[in-house]
Each structure stands twice: as C-alpha cells, then as structure tokens.
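Asker: What follows is each chain in one-letter form.
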Amino acid sequence: MSLWEFANPVKFMALSGKVLPWVIGLCAVTLIPGMIWGFFFTPEAANFGNSVKIIYIHVPSAMMAINIWVMMLVTSLIWIVRRHHVSVRASKAAALIGVTMTVIALITGAIWGQPMWGTYWAWDPRLTSFLILFLFYLGYMALWAAIDNPDTAADLTSVLCIVGSVFAVLSRYAVNFWNQGLHQGASLSLDKEEHVSNVYYQPLLLCIAGFILLFVALVLIRTRTELRLVRLHRLDVRERMKDA
Amino acid sequence: MIALLVRDLRLAMRAGGGFGLGLAFFLIVSTLVPFGVGPEAAILSRIAPGILWVGALLACLLSLDRIFQLDFEDGSLDLLATAPIPMEGIVAVKALAHWLVTGLPLTLAAPVLGTLMNLESPGHYWIFITLLIGTPALSMIGAFGAALTVGLKRGGLLLSLLVLPLYIPTLIFGAEAATRGTAGLSASTPLLMMAGITAGSIALLPFAAAAALRVNLR
Amino acid sequence: MELRVENLTVARGGVPVLEGLDFTLSPGQVLILRGPNGSGKTTLLRTLAGLQPPLTGSVSADPEQITYGAHADGLKATLSVEENLRFWASVHGISDIAPAVDGFNLRGLLERPSANLSAGQKRRLGLARLLVTGRPIWLLDEPTVSLDAASVALFADAVRAHVAGGGSALIATHIDLGLQAETLDVGPFKADVNRPRGDTHRDAYADFDEAFS
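Quick note, the sequences are listed as chains A, B and C, same order.
When you line the first sequence up against our numbering, it's residues 1 to 244, in that order.
When you line the second sequence up against our numbering, it's residues 1001 to 1218, in that order.
When you line the third sequence up against our numbering, it's residues 2001 to 2213, in that order.
It should be emphasised that the hints constitute simulated quantities derived from the structure, not laboratory data.
Note that the structure is predicted; figures quoted are calculated from it, not measured.
So the derived label-pair ranges between C-beta atoms look like this:
| # | chain 1 | residue 1 | chain 2 | residue 2 | range |
| --- | --- | --- | --- | --- | --- |
| 1 | C | Gly2187 | B | Lys1153 | 26 to 36 Å |
| 2 | C | Ser2060 | B | Met1001 | 22 to 32 Å |
| 3 | A | Ala14 | C | Gln2065 | 41 to 51 Å |
| 4 | C | Arg2160 | B | Ile1202 | 44 to 54 Å |
| 5 | B | Lys1153 | C | Leu2110 | 32 to 42 Å |
The beta-carbon is built from N, C-alpha and C at its ideal position, and this holds for glycine as well.
Excised from the complex, chain A in its bound form (with noise of 0.2 Å):
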C-alpha cells in the first residue's frame, strides 16, 4: 500500500473521519495539562516574573509558523509533480492556520517583548522575519481568495508558494544582514530556551507537542472543508452548465 493512495479524496475522506476524534483526544490531553503545568506550576523567574510564561504560547505557535510553510511548500510540490487534490487543499487549510500561529507569535512577542525589553516591538532580525513571513502568508492567502477556478488557483498558489519559499529565506538571510547584532534579539533564540532548566522546558515540551496535534487536526478539519468547497464548486459549475 502506497502513501500516495492516502492523496486520493475517497480514502482521505474515510481515513480522516476515522482519525480526526482520536487526534482530537490527544492534542486535548497533551496541551491542556500542558498550559496549566506551565502557568500555574512553574516557579517565577528570577529577572522577568509571571511574564516568562507567555512562551508556553510563544515558543509552539512560533514554531508552527514556521514549520507550516515548509509544509505547504512540500504539499504545494506534491501538487506541480502529482497533482493530488487532497495535497494542494491541504496546503490551503494550513495557510490560514500558518498565519493565525504568525499572529499569534507576534502578538505574544509583543506582549513578552514589553516588560524584557521595555519595548513592544523592535526591528530585530527575528521579529522582522516574523513579520515578512506573515505578509508571504498574506499574499498567498489573497491570490487563493482572487481565482475563481479551483484548478488554476491550485497552480497558481503553489508557484507563488514555491517561488516565495525561495524569497523568504533570501528575506532571513537579508535582514540577520541588515540588523546584525544590534539588539539584543538572540536573547529570544530557541536555542536559549533549550538551555533553561527543566522546570520551564519539560512543560514547553508537552506544549510543543500539543500545537503539533492541534495543528494536525485543525488542518484535517480544514482540508476536509475545502475538500467539501471543491465538490460544491463542481456541482455548481455543472448545474450552471445544465442551463445552458
């Protein structure tokens, strides 16, 4: 049995509604304990206060963020070379869960960013590639919304995914160029938080992988809807085709 057999609609459909409840259970038993662990049974940092809590947020929706448009690059792949309908929908649903998790870590940032550095918002090559990622989510998102043809909007939106996959790290790599070493950004890095002590990480851990699972079954729900929303295109078209 190959993997690709999972890319057509009939057995995504059956597999998924199998799935998506115990996918469900899961992300609901790992990021709930999750959050109350870390909010409410890890001591307050010495320097910053409550305020360091904000990562068991900040640090998995800044992750997904990014993970998600590696994702929608690969289904986007998938759909140029095989032209799968469940990969390139599924690349549809993740967008609009990737730049909900942007906004979620910019806005968080922002928030954690006041108190640490007395500052909302400052141009660090970390912040600003955030917000660059979150227009690259924009403008996919927009030609999605723009064509009307499922089709053509499939070929389209996967170009532009592939082309700008290419521009959004030439964007990282610019901007770590254009501010180096000015702030006192890389004090964020994830690497730090892999260095602080266990009390703070095994919690972040179990939210980690609580945002995976909650993406994971978000991003089933969604690809089912769209999938839904392309039969319902197809049924329409054919209706008014009837008329004619």
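Fit chains B and C to the given chain A structure using the hints.
Answerer: Chains B and C in isolation, oriented as in the chain A frame:
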C-alpha cells in the same frame, strides 16, 4: 524576440504607453519626502539612499500590471503563445522591455534626485550603481507577479501584495549597499548578494512566470 | 501536415464540454465547424492550438504548424497597420508582407494607426496576420465577424489560395463562405457531465464524486 522587444518599446513610447509616468512618480516621491521629514540637510542626506531605493521600487511597481495585461486583453498573448517563441523567452523579453522603459530611466534619474536630498558626493555614484544592478531583479520579479495575476480583473492591488514581499531581499541589500557606500564603508558584500539575486531571478523566474502564464491562458 | 484528432475530450473550467471527437484535417481540406453558441467550438479550437490541455485523447499535430485566429485580433491601437503586420511577420520569421497586404486589400491603409480602423478593417488586418505566419494549418474562430460581403469574398479567396497551396483550415462559422468544404457538427459530441465515466474517460474530479457519493 527582437521584434517583440522593439514592439514593446515602441508601444511604450507612443501615446498612452506610460513611458515617463514611473519617472514622474519617482520625482514626486522624492519631493514629498522632505516635506514629510523636514528640510534638515543632515537627516535628509542620511536617509537619502534608502528613500531613493524605496521610491524607485514603488515607481517600478506602478507599471508592472501593464507587462502582460494589455496583451492578454487584446488577444496578443494567445497569439504570442502559439508563435514560435518559447513562453520563457516572451517573459524575459517583456521583463527586459519593462526594465528599459522603467528601471533604466529611474537609475539615471536617481543621482540627480539625490541632489534634492543632499546626498553626499560618493552617494551619487553608489545609488547609480546599486540601482543599475538591482532594478533588473525588480523588473523580473515584477514580471513573475504580473504573470500570476494576468487573468484577474483589477489584479493591480493583488499584484502589489504579491510582489512587495518578494522585493524585500533586493531592497535590503540594495539600500544597504548604497548606504554603506555613501558612508565610505565597504559595500561589496551587499552588492554581491544583490547581484546574486538579480542573476538568479533572471535565470530562474522566466520559467516560473511562463508556467503561470500558461495556466492563466487555459 | 495532417491534423488528426483521436477520442478527444475538451473541458472548460474543468468540466467536459465535448467528448469522443475523432476527425482528420488533411492538407488541402477545409472543415467547417458548426454548433450553437456555447457548444464548445472555441474551447475545441484553443485545445487544438495547444493553449489548453485536452482532458483525454490526443491531437497529433506539431503546434508549430498551427496558427490560431481568435475572436480578438491582437492588434495594438497605437501601431500602424504596417507595424502590426510586420511585427507578426518577423515573429514568424517572414519578411515579405506584400501578399498579406494585397490579399486583404490593406494597401491604402498601411500608414493608418490601428485605432482609426473600422471594425471590419481591423478584422481584415487580423486575418492578414494568418498569411504572415507561414503556417499550414489555420484554426479560425468566427473569422467573418464584422466583415462586409466584399471582405468575406476576400477571405474566402485567401482560404482557397491557402488550401490550393497545400494548407488546411478548420473554421468555426455560422455563415456560408461558398467554399468547397466538409462540415463537422459538434452537437452530437456534447459531453454528458453527469454520465459516470469508466477508467478511460476518468476526469480529474471523478474521485470527488466518489468521495461524496
């Protein structure tokens, strides 16, 4: 291909071709900025390279939707697609025509406009050289965006939304190189990075744009 | 150069409009395409011209042998008649535009900007383009729209000369051109969008129907 280039240049020069509009826009932006930030020479000369770059970029953006839209509307694009020129060649020629009509005049005008902004003396040279290397990338990336949106009614705003994020790396390296050069620092790293982006865009984007055009003609 | 169409299904917006088309267009042949508005004639011509992919089946002809005459003439309003014609000639590597100019009686209009032409004159210029492509297979979509009787006769003469020289033409039209031609009525090939398709005719969305049935 040469015939197509000649035709596009001729169309641009004729009435309604839009030649000079980008240039006029660039002039206006460069005039408005001092009104916004104040006439202080020190501030103006410090921000001049950046403002000139952003102004050139916006002026470039202004005429992007004309690259394919007019040919799409009057049916020429269908006929060109069946002509013995590869679609990639059509994209490359159209981007070149756009650069000759928009990017090159902007590059030539920028040092002059720099004077309006109290640009220091090596700055004229640097703004010219960075725009000369960077504007072809702007035209090529813009042609890609135009190819994506050619089938859409009122695609202009969407085109800006798609193209501006793609312009970010070129803008950063271009403006950085101009700023560093003006300040007398070594500008070779950003200059080389920008040249890399330009070369890569010219080499690869015609294929992506041609694919998008084929989808839009279906 | 022969244009052979086998078991062709063409689609508009992903929905099949004509299916099971089988025909051959041989050198020296004129085929008139008939069918009511919206029956898929334009879609068929665009598919044959290689502008869109067929849903199923095959078209055996080198796209480099085909020229497509669309509804729109692809004229630039600010260029003169001669400039417009010379452009298409040089795109196709042809330097002599005199036969096209004389064939469509454009001699007196050469200097005039295309913007100042009447609809019929524009159409004549659009048709003259066919002669500067040097391609043997013409696919024409309603070529006689806005032409007067004399111009229709000019066009018919041009088609006659073209097929006499070994070319061929597939023309979608509603009027009688007075040509020696066979007729292909697309009516019987209208695709049934609701017919369940076997594997040979499986269209891209068949899976979707199955997924929700």
